[in-house]
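Trainee: Okay, here's what each chain looks like letter by letter:
There are 2 protein chains.
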Amino acid sequence: MEKRQLIMDKSMELFAEQGFRNTSVQQITDYCGISKGAFYLSFKTKNELIMALIDSLMEKMTLEADRAVKTASDKDLLYAFYYQIFHSFRKHSVFGKLIVSEHMQSINEELVSKIYYYQNLLDKLILTIIERLYGNKIEKTKYDLMYCVKSFLGMYTELFISNNELPDVELDLDLLARSLVEKTNILAKHAFTPFVSHELFQIYKNPTIGDMTQQQIITLMEENMEKMEDSIEKDSLILLKQHLIEPKFSPAIVKGLIENIRHHPNCKLIVYLLENRGDFYSAYRY
Amino acid sequence: MEKRQLIMDKSMELFAEQGFRNTSVQQITDYCGISKGAFYLSFKTKNELIMALIDSLMEKMTLEADRAVKTASDKDLLYAFYYQIFHSFRKHSVFGKLIVSEHMQSINEELVSKIYYYQNLLDKLILTIIERLYGNKIEKTKYDLMYCVKSFLGMYTELFISNNELPDVELDLDLLARSLVEKTNILAKHAFTPFVSHELFQIYKNPTIGDMTQQQIITLMEENMEKMEDSIEKDSLILLKQHLIEPKFSPAIVKGLIENIRHHPNCKLIVYLLENRGDFYSAYRY
DNA sequence: TATAATAATGACTAGCCAGTCAGTTGTCAA
DNA sequence: TTGACAACTGACTGGCTAGTCATTATTATA
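Each protein sequence line maps, in turn, to chains A and B.
Just so we're aligned, residue 799 is where the first sequence starts under my numbering, counting upward by one.
Just so we're aligned, residue 799 is where the second sequence starts under my numbering, counting upward by one.
No lab work stands behind these hints: they were computed from the structure.
Not one of these hints is a red herring.
One copy or any two copies: either way a pair holds, since identical chains are not told apart in the list.
Derived lysine-lysine pairs resembling DSS-like cross-links, with alpha carbons at most 25 Å apart:
1) Lys912 x Lys858
2) Lys1003 x Lys858
3) Lys1032 x Lys1053
4) Lys1003 x Lys922
5) Lys922 x Lys873
6) Lys948 x Lys868
7) Lys935 x Lys873
8) Lys808 x Lys912
9) Lys1039 x Lys858
10) Lys808 x Lys844
11) Lys1053 x Lys922
12) Lys912 x Lys842
13) Lys868 x Lys1053
14) Lys912 x Lys889
15) Lys922 x Lys889
16) Lys858 x Lys808
17) Lys935 x Lys987
18) Lys922 x Lys868
19) Lys987 x Lys922
20) Lys948 x Lys987
21) Lys1003 x Lys948
22) Lys948 x Lys858
23) Lys868 x Lys935
24) Lys844 x Lys834
Start from the sequences, fold in the hints, and give me the full structure.
Mentor: This is how it looks when you write it as structure tokens:
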């Protein structure tokens, strides 16, 4: 029975990377160091393995969420629920990747980047709307608000796909639009605790992050400087910016400056981008 | 060149039903009444067809949304946006089905029903929370609120899947949970225009789930019985299974049997499932 | 040590499918 | 009518994979 567990653990890694379909039984058995026959002693079919994996993880997550909800006081109920869901999800992050792999690698790289591309267009469109409507009143929360709008779009869109063709209900688009307008306005007005910050958005939006131009990095630096109060960190940032425009420090100094800002909450992306510029230390040697 | 269009139109139908991978070029050419060779005169590869389809539809939808936003007054901006998105989506509903097919039929029916099943558990859990927190103040809007919560979960969950392992940002779960709690409370308090009504929810939740659940629970029980050694717990499980197939015990007995297995490590999910069957105590009253 | 039972192996089968290409059919101008 | 060209055909290739099963290795038992 421990072989069964071995297969489940190892195959999960492969599935997470490649998706269910793109992972063959042969690959799994090779990765486990067992033969194909041995696999079929533990599982009747490949599908049985997949089902076992999903059940195992979903059972854990369901129970965890349920326990959190049952033990929480009314005051903490919602908090406990949300916290637990995301905590579980992160803990079993392989699982998330597995699900997404299934979406993504279903066809190929090209499809993935196409989807990113159109997602990006939508992001921009929503941001334009938000900025136009609420101006700089929601400067702090606008990215978060955009995520909410996207959340709504995603979820309510599913209602339009009745895979069971059974009841042919014509959905009331007017009501739907009014309902979501109301929600959006309410959130814009009353929500003051954003989760998706400008920073976070920058990190997560663009998978082709490596291609960020020098100019974009500088812009990002300037945006962050404005938000920071005078400090060693801010000065380090200023110096790094100057250095990026016109190299003048030795690698040791540059490295030190980066260390200064490494743990500042707003600078994570900047540090990341700088360190991932292949030429960063070598090119600025003088 | 009109052959190209023919292939695009016809293949879309097939893709929407079966997903990209489960639709072979042979099927497409048969459905179009042309030969395989003719297909490859219009498209270099199958993938080129898929990309052409996605581009064609996404361009239309993007342009439609963009035009709606550009021509709307500030007052109608959000409304126009939401309305247009869903309208486009419905108009090109084949496309939606196509995308979902890709998610769903990626492996098989079994996986699909499993996902539905766990989705349903989540729905119930969220409803429980909402009812407990806001009582009958939100009777009219509770299903809609549940959809919002699910929206948030879906969207924000994506942040946990950095397919690009690049910047290792540890997401702040506490902030995330607080942010979503705030949003949920705000919506519960101020949103009075629900879209998802009780009826709509009934229609759209998977109708087969009632049977599914029962069958799944029984299977789950059987699996667990095999693993257990003879004991009060095992006997209780056997009796509960019989009762589930054909009700014969009074609620008191059922409750007692459940208590017997409540703390057995393998039975937690079963207990949870049984207690969440709405009809569990009432239906078996005699 | 001998024998039986169990675990494990991997070559093999049968099936699917994207993409190819030698050959056929249709068209149209000379 | 003929010949040239384009459009079209579908049998075929090569590559991949889930699942099988005769055979071999290992372990337990007597």
